Amino acid sequence: MAARSETESTPVKNRTGMERTSDRELVVTRIVDAPARIVFEAWTKPELLKQWWVPKSFGVSLLSCEADVRVGGQYRFVFGHGDSAPMAFFGKYIEVTPPSRLVWTNDEGQDPGPVTTLTLEDQGGKTLLVLRDVYPSKEALDAAMASGEKSGMCETFDQLDELLASRGAVSRQG
Amino acid sequence: MAKHSQAGLDASFAALSDATRRGVLEQLGRAEVSITALAEKFHMTLAGMMKHVGVLEQAGLVTTEKVGRVRTCKLGAHRLEQEAAWLERHRQLWDERFDALDKVVEDLKRKENSNGRKK
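Chains as they are written, first to last, in this note's numbering: chain A, 11 to 184; chain B, 909 to 1027.
Heads up, some of the hints might be wrong.
Chain A is nowhere near these chain B residues, computed Cβ spacing over 12 Å in every case [to be verified]:
no., residue
1, T944
2, H998
3, K1017
For lysine-lysine, the following DSBU-like pairs were computed, each having C-alpha atoms within a straight-line distance of at most 35 Å [unchecked claim]:
no., chain 1, residue 1, chain 2, residue 2
4, B, K1019, A, K60
5, A, K102, A, K23
6, A, K66, B, K1019
7, A, K60, A, K148
8, B, K982, A, K136
9, B, K1019, A, K102
10, A, K148, A, K23
Residues from chain B shown here face chain A by an in silico Cβ test under 7 Å; the list is partial [claimed, not checked]:
no., residue
11, R938
12, A939
13, V941
14, F950
15, M952
16, L954
17, E973
18, V975
19, E991
20, A992
21, A993
22, R999
23, E1004
24, F1006
25, V1012
Hints were generated in silico from the structure; no laboratory data involved.
It should be emphasised that the depicted structure is a prediction, and the values quoted were computed from it without experimental measurement.
Backbone N, C-alpha and C define an ideal beta-carbon position, used for all residues, glycine too.
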């Protein structure tokens, strides 16, 4: 890594909070070093959204990213991973209040998904970002948490299959 | 690896190697269900389903409780640890996502500042 000059300020990394606040609610929080209108822009313009929604470390690629950010407008993100079939996440925006509030549905699952509310609160040049997922019921949130959230049971079963396959390999050796 | 955890893993794998039992876990992830209802759902005799639930119970994946004449099944004891682990995994996911958002936001701020100077 290149040496930094003493005068260059090293930004302090902001911490992400995550909490289950009730039987059917999950809350993610973060401070962003920019005014709310800039965060809102990064969240609502597809060409910006696709630069950060799927960081490289996720190991999946964003094949397409459409977002028609207005009340009733649809969004659709399609992810790819290796040779697996692409997976689509979609829903619609039900509230759009620039630059402080955005609410959307998550409709990709078989059962009704959570409704997500993003609020952006200006705090002296920074923004308090709060992302709230409200599930239709306690059972729905429990199920999401039991199954590896959005990828549904498939991912969990894939992992199980891998574990079982490796166990099989071990038995064969023995 | 400690012997007892090896035995635990063996029991878990054996329990999970059956499609019906995986299906039962999926159901229980949604809600607590009685053995009778599970038997109906999976088109099985009550005795057959009791055997499957017994295997899951042995592996610690499911617990059952008898209230009156109904035996209800739910996901096993490791639930709270699993929930904490799930939350931490998702916190990290969002953390990485927000780190990437920070970069995009920095770019936007820079552009805005340089546009401001041009005006």
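Is K1019 (chain B) close enough to K60 (chain A), meaning Cα to Cα at most 35 Å?
-> At roughly 18 Å apart (the allowed maximum being 35 Å), K60 (chain A) and K1019 (chain B) satisfy the hint.
Could you check if V975 (chain B) really has its C-beta closer than 7 Å to a C-beta on chain A?
-> Status violated, d = 18 Å.
Report holds or violated for the interface hint on R999 (chain B), using the least CB-CB distance to chain A and a cut-off of 7 Å.
-> The hint holds - R999 (chain B) has a Cβ within 7 Å of chain A, the shortest such distance being about 4 Å.
Tell me if A939 (chain B) is really an interface residue toward chain A, meaning its C-beta lies closer than 7 Å to one of theirs.
-> holds (5 Å)
May I ask you to test the interface hint for E991 (chain B) with respect to chain A, counting a Cβ-Cβ separation under 7 Å as satisfied?
-> Holds, because the Cβ-Cβ distance from E991 (chain B) to chain A comes to roughly 6 Å (cut-off 7 Å).
Straight-line alpha-carbon gap K1019 (chain B) to K102 (chain A), limit 35 Å = holds (30 Å)
For the hint on E1004 (chain B), just tell me whether its beta-carbon gets within less than 7 Å of chain A.
-> holds (5 Å)
Hint check: is the beta carbon of E973 (chain B) less than 7 Å from a beta carbon of chain A?
-> Violated: closest Cβ of chain A sits about 17 Å from E973 (chain B), beyond 7 Å.
Are the Cα positions of K982 (chain B) and K136 (chain A) separated by 35 Å at most?
-> violated (45 Å)
Has the given pair, K66 (chain A) with K1019 (chain B), been kept, meaning a C-alpha gap of at most 35 Å?
-> This hinted pair holds, its Cα atoms lying about 24 Å apart.
Beyond 12 Å from each Cβ of chain A, as asserted for H998 (chain B) = violated (6 Å)
Any CB of chain A closer than 7 Å to the CB of A993 (chain B)?
-> violated (10 Å)
In summary, the numbered hints that this structure violates are 2, 3, 8, 13, 14, 15, 16, 17, 18, 20 and 21.
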